[in-house]
Amino acid sequence: MKSNPITDHLEVTVRSRDKNYFTGRALSISSQNAKGPFDILPMHANFITLLTSNVTIKKETGEEQIVKIEKGVLRVMSGKVDVFVESLA
115 MKSNPITDHL EVTVRSRDKN YFTGRALSIS SQNAKGPFDI LPMHANFITL
165 LTSNVTIKKE TGEEQIVKIE KGVLRVMSGK VDVFVESLA
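Take 115 as the starting number for the sequence shown in my numbering and just add one per residue.
These are calculated hints, taken from the structure and not from any lab test. Take the hints with a grain of salt, since some may be wrong.
[Claimed, not checked] Here are the simulated lysine-lysine pairs, DSSO-like style, with alpha carbons at most 30 angstroms apart:
| # | residue 1 | residue 2 |
| --- | --- | --- |
| 1 | Lys172 | Lys182 |
| 2 | Lys172 | Lys149 |
| 3 | Lys182 | Lys133 |
| 4 | Lys173 | Lys185 |
| 5 | Lys194 | Lys133 |
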């Protein structure tokens, strides 16, 4: 079985059907689902959830970018994070 190399960042894409809001590396992702707020860090387990609030992307520079959403889907798969925005806030 092939193992993934340890990484200190996430590969992130945040997009809707019509627009790409962010593509690049990030140190972490924060958002909220029906159970409350959560964070995604490098080496996070595979995960999928429905989002109920904004997505905050902490870039490698330390700068934060907030994508204001009302609904969406977040998927983490092998260090890659995809956020599919259904509606903006």
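Which numbered hints fail: Hint check: nothing fails, all pass.
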